[in-house]
Amino acid sequence: MREDAELRNEREFRSGRSGQGVGARLPRKEDDRLMRGRGQYVADIRLAGLQDVAFVRSPLAHARIRGIHVPERHRGCVFTAADLDGIKPIRAISALPGFKTSEQPVLATGKVRQVGELVAMCLAPTRAEAEDIAASVTLDLEELPAVTDMLKARAPGSALVHEHWGDNVFLETNYEVDISAALDAPIKVTREISTARQCMSPLEGRGVVATFDPRLDQLTLHSAAQMPHITRSGLAECLGMEEGQIRVISPDVGGGFGHKGILLPEEVCLSWLTMRCGHPMRWIEDRREHLVASSNCREHHYRITVYADRDGTLRGIDCEATVDSGAYSSYPFSACLEAAQVASILPGPYRMPAYRCRTFSVATNKCPILPYRGVARTGVCFALELMLDLVAAEAGLEPGEVRLRNLVRPEQMPFDNITRKHFDSGDYPEALRRALAQIGIDAIRGRQRKGEADDRRIGVGVSIYCEQAAHGTSVYSGWGIPMVPGHEQASARLTPDGGLELRVGVHSHGQGMETTLAQVAHEILGVDVAKIRIILGDTAMTPYSTGTWGSRSMVMAGGAVATACRELGERARRIGAKLLQHDPASVVLQDGEVRGVNGSVSLKAIAHTWYRRPQDLPADVDPGGLEVTQGYKPVRDSGTFSYAAHAAVVAVDPDLGEVEILDYVIVEDGGVLVNPLVVDGQIYGGLAQGIGTALYEEMPFDASGQPLATTLADYLLPGPTEVPAARLDHMETPSPYTQFGVKGIGEGGAIAPPAAIANAVNDALRPLGVELMQSPITPHRVVAAVLAARVAERSAA
Amino acid sequence: MKPASFAYERPCDLTAALSMLAAGSGSAKIIAGGQSLGPMLNLRLVQPELIVDISALAELKRAEIFGGELVLGALVTHADIEDGRAADVTRGAMRGVAANIAYRAVRNRGTIGGSLSHADPAADWISALAALGARVTLRSLAGARTMPVEAFVVGALESALHTGEIVEAVHVPARSVSAHWGYAKSCRKTGEFAHAIGAVLIDPAAASARIVIGAIDTAPIVITDAAELFGGRIAADYKQRFDVRVADALLAKAGIDDAAQRHIHVGVLKRAVQEAAA
Chain A
1 MREDAELRNE
11 REFRSGRSGQ
21 GVGARLPRKE
31 DDRLMRGRGQ
41 YVADIRLAGL
51 QDVAFVRSPL
61 AHARIRGIHV
71 PERHRGCVFT
81 AADLDGIKPI
91 RAISALPGFK
101 TSEQPVLATG
111 KVRQVGELVA
121 MCLAPTRAEA
131 EDIAASVTLD
141 LEELPAVTDM
151 LKARAPGSAL
161 VHEHWGDNVF
171 LETNYEVDIS
181 AALDAPIKVT
191 REISTARQCM
201 SPLEGRGVVA
211 TFDPRLDQLT
221 LHSAAQMPHI
231 TRSGLAECLG
241 MEEGQIRVIS
251 PDVGGGFGHK
261 GILLPEEVCL
271 SWLTMRCGHP
281 MRWIEDRREH
291 LVASSNCREH
301 HYRITVYADR
311 DGTLRGIDCE
321 ATVDSGAYSS
331 YPFSACLEAA
341 QVASILPGPY
351 RMPAYRCRTF
361 SVATNKCPIL
371 PYRGVARTGV
381 CFALELMLDL
391 VAAEAGLEPG
401 EVRLRNLVRP
411 EQMPFDNITR
421 KHFDSGDYPE
431 ALRRALAQIG
441 IDAIRGRQRK
451 GEADDRRIGV
461 GVSIYCEQAA
471 HGTSVYSGWG
481 IPMVPGHEQA
491 SARLTPDGGL
501 ELRVGVHSHG
511 QGMETTLAQV
521 AHEILGVDVA
531 KIRIILGDTA
541 MTPYSTGTWG
551 SRSMVMAGGA
561 VATACRELGE
571 RARRIGAKLL
581 QHDPASVVLQ
591 DGEVRGVNGS
601 VSLKAIAHTW
611 YRRPQDLPAD
621 VDPGGLEVTQ
631 GYKPVRDSGT
641 FSYAAHAAVV
651 AVDPDLGEVE
661 ILDYVIVEDG
671 GVLVNPLVVD
681 GQIYGGLAQG
691 IGTALYEEMP
701 FDASGQPLAT
711 TLADYLLPGP
721 TEVPAARLDH
731 METPSPYTQF
741 GVKGIGEGGA
751 IAPPAAIANA
761 VNDALRPLGV
771 ELMQSPITPH
781 RVVAAVLAAR
791 VAERSAA
Chain B
1 MKPASFAYER
11 PCDLTAALSM
21 LAAGSGSAKI
31 IAGGQSLGPM
41 LNLRLVQPEL
51 IVDISALAEL
61 KRAEIFGGEL
71 VLGALVTHAD
81 IEDGRAADVT
91 RGAMRGVAAN
101 IAYRAVRNRG
111 TIGGSLSHAD
121 PAADWISALA
131 ALGARVTLRS
141 LAGARTMPVE
151 AFVVGALESA
161 LHTGEIVEAV
171 HVPARSVSAH
181 WGYAKSCRKT
191 GEFAHAIGAV
201 LIDPAAASAR
211 IVIGAIDTAP
221 IVITDAAELF
231 GGRIAADYKQ
241 RFDVRVADAL
251 LAKAGIDDAA
261 QRHIHVGVLK
271 RAVQEAAA
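Read top to bottom, the protein sequences are chains A and B.
Each residue of the first sequence is one higher than the one before, counting from 1 in our numbering.
Each residue of the second sequence is one higher than the one before, counting from 1 in our numbering.
If you are wondering where the hints come from, they were derived from the structure by calculation, not from laboratory data.
Take these hints with a grain of salt, some might be off.
[To be verified] Listed next, the in silico DSBU-like pairs over lysine-lysine satisfying Cα-Cα at most 30 angstroms (straight line): (1) A:111 to B:2; (2) A:450 to B:270; (3) A:450 to B:2.
Make a model of the complete structure from these sequences and hints.
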């Protein structure tokens, strides 16, 4: 299978000739618009009669609503749940056995379950006036005990987020492969590891402009959304409308990362409001709303034991993972995607004979946990890779050695791991060997022995992950969530002047798809990339798609574009043969023209003839035309597996707790890269977010459930000076299952850095007896650990 | 995050500004660079009825040396000091502090008077100027009064300013040729507010020192009788004699219970002392 794929890829892979096809390092087409400030985001949309909406949000994490008091002067501008006739709550179910469903009212009814939950909406000509009205609304709330600690929330007697459940567990899962076989291993390391709650923080927040057109009997929702078709399906369910009555337009979007894949109560509210009031409505999320009321992610806790032999060979992993899922199950991903996925992805690319993992998705009085770039993988990678370093320390081996001993080997590909994940291709040990060589592991060990002039301590850390991407029907049907991806579709249309329009249901919000999908089309049809328009982000203009998530777009939409372009090319070829008066079997489509033995005709001439001069076509021409829609699925839909080895060198100041990243190397394998420049950008951006997870980002809560980082003064994001100039190295092992051998790579950059950096910090501080098992690694946590280690040493002496 | 509505005035001279403040009787706020007040307005943490924009007051933009003392008008920006446009009597000490305040965009607009008035414990000037022995002049329609910076900052976001009063100028004494200066801070990232500041002005020849521990939850700790921090005397070997235990005890006495926090503060102060001795 692998050889066949490589042959096929070689045959299809001809980017070199024009410099615009698959593999070309093209600058992004969309940057001409975006970098000149000519992008059009939701907040840029102006409609006549537009009114602004501000929400009254719950100031408490958990309370019963006794009353909502609207001043007389503002009656008619304020709407509460009592006004929302016929609106259904947001329900994101899962078919996994035992899953408990939450109902998220779009405006709170009965109880509020998180700070920032929507209670009322206020409209006014400007946002400032709408906020004035919101401030005048008073809430009569009876405060209830808040559930803020996911571990305590599991215990009997805890306050309950959803009383009728009887406990706070959305879902518990158990997975086991013969853990008893590992128990006699000579090395057994047990730890608790956790990652902080974060906020995704795209440059642009969410935003909605809603309007209703009575002529078309259609609601149009402009929304900063990654998955406009899914938003439409969700809206139709909540509003009780036909899907055709709703059009969702997602214009330019300033970063998604998962936050913009979620159906928002605000979207439902504004849809209702514009139909109720008869004029356009706007709500633009501000940064405080973003931090407090939305976009939370990443809060994981692991109790994990790793069993190994003295030579570092893994014997098994036993883990109990808990994820703080927040108050509600978010549409369409559900409240259990994160935790339940931990069980299947924790073993990663490592071989082991025994495994057990129990997971809990726990409801708390915090905002819903959303799938953030990397989804559960960042936490899983952090937990497992930190544990492997402890195994190495216990075995007296280099961390790299332990990993090389256990990684899946290239000759084992394709490989089914212990949780039956199907690894399509790759050479994981080679990626690690390259990373270790490029970071200069031996030189660093030498430097560590000498010590630093400034009394800082140097450490080196590595981490490896695999990123299952573009997994489809066979994987998601089991989850039974509101969205299961099937065939991805694309439409390709030749215009009368020989240009190419591609309509695709995924969306681009930083991924550069206006460029990369054009490169795919160019690869097939030879149309100049400058003459290819990519139409995205509009349910009225594009085929249905689950949208952009799970690093699926290049595999799925790229595959669909290739498939549609092949069919379009075939139709053009048959018309061209007629025009050349050749037997269709004797002509080929090459470099944008149909060639036969006696001449050629360009796609442009074929299109012109088809649309503008049909009198020149013979009567028996194929009537199919030059516009096609095709569906695509990879040969296997269990997903592509891209991967990388990250290596970091840090300097840690044990006195001040400051961590500086001195060097960073990434060796990644994303299969065949459609555009290495775009991939580099994806990796750099992911790295920045991973550094945020490792060192800066944290949304803490107090015991009453109040979020404590409510502005960017308290919620720290890495900036340009915190992100090092990482060195990237690409390997390109094709996937045997996809068009061109591509793999999804959108998330990987954000997965490995927390583990690599934490391992480096721990490597630096290990001689002091310090071990940090919690992200982010803040100066305070470092110094507290250093002081604790000193106390421990003194009491031991 | 839009401010509540307010009235706005931009007077052309100080007397007019003071009259407006007096008329506002406590419901007026002064805006200069707006680098702190802007976000506070947007978050509705403050909801003044009147904003008095003093950015047109030419008399508050002067920087002059009188009798060896530098008088900086309240509207002198951090960037004016960083770039050397404002005169200096501290032999570069203030330039060094200014250059590391937040980001350049903040320094372009943020003013020394605004920073002092806001009295954020984590900001640079309240610590640095206290260590340099600076004083502030406050003016109202009733007249002017002058006090040391350490007396001006009363607590977190609390100053000695009365209603109707404005920071007019900062008086910075000349740094003597024998006085060593050290300033260190620890920030989570570039441009972020510090979580620990150490500022020291040590004159071994005069056996005197001004030591400031800043970015604690309240007004900075200012030690003018600093011999105990250096084993009982301040001399040329002060770097070696710096006693971290005494510094730690000072922080504990100031109510900082968290040992790691104290450790970081002491570490930063030690860096400032080392820098002074370098």
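Structure-based check of all given hints:
The suggested pairing of residue 111 (chain A) with residue 2 (chain B) holds, with an alpha-carbon distance near 28 angstroms, which does not exceed 30 angstroms. Proposed proximity of residue 450 (chain A) and residue 270 (chain B) is supported: the alpha carbons are some 24 angstroms apart, at most 30 angstroms. The suggested pairing of residue 450 (chain A) with residue 2 (chain B) is violated, with an alpha-carbon distance near 56 angstroms, which exceeds 30 angstroms.
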